[in-house]
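Going by our numbering, the residue at position 75 of the sequence shown is 94; the numbering climbs one at a time, nothing skipped.
In short, the hints are calculated from the structure, not lab data.
Treat the hints loosely; a few may be bogus.
Claimed, not checked - Here are the computed lysine-lysine pairs in the DSBU-like style, where the Cα-Cα straight-line distance is at most 35 Å:
no.	residue 1	residue 2
1	108	65
2	65	54
3	54	108
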Amino acid sequence: MTISEVRSSSPSLCAVADEAGLHLDRRLTFGETKKSAVAEVRDAAKRAGYPDAKVIVLQYEEAAYTGKVYPTEKYYPTWVLEESSPYLKSAVAAYAGVLGQGAAGG
20 MTISEVRSSS
30 PSLCAVADEA
40 GLHLDRRLTF
50 GETKKSAVAE
60 VRDAAKRAGY
70 PDAKVIVLQY
80 EEAAYTGKVY
90 PTEKYYPTWV
100 LEESSPYLKS
110 AVAAYAGVLG
120 QGAAGG
């Protein structure tokens, strides 16, 4: 997780803001869910002294080149490929070809 944006409602650098916000980029690892990640962030906010912090998963609502807007939640579940997957084998071969070494760094 990382803070990727900090916002304030202050009209200037010498005025007291009445609101502030953080954008957290929280990536999922294998076995985690959207629900567990949101609960973890809510718990962290509570332990930091902000029990009423608003934690939301953002919506992507930008227009495509055609102008169509297709709103979708910015939730990207983790996926895992079996070692026998042709996609994974191809990626490992590309890595070795570009870097001249095996995937384990050898």
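Hints numbered earlier in the text: which of these fail when held up against the supplied structure? 1
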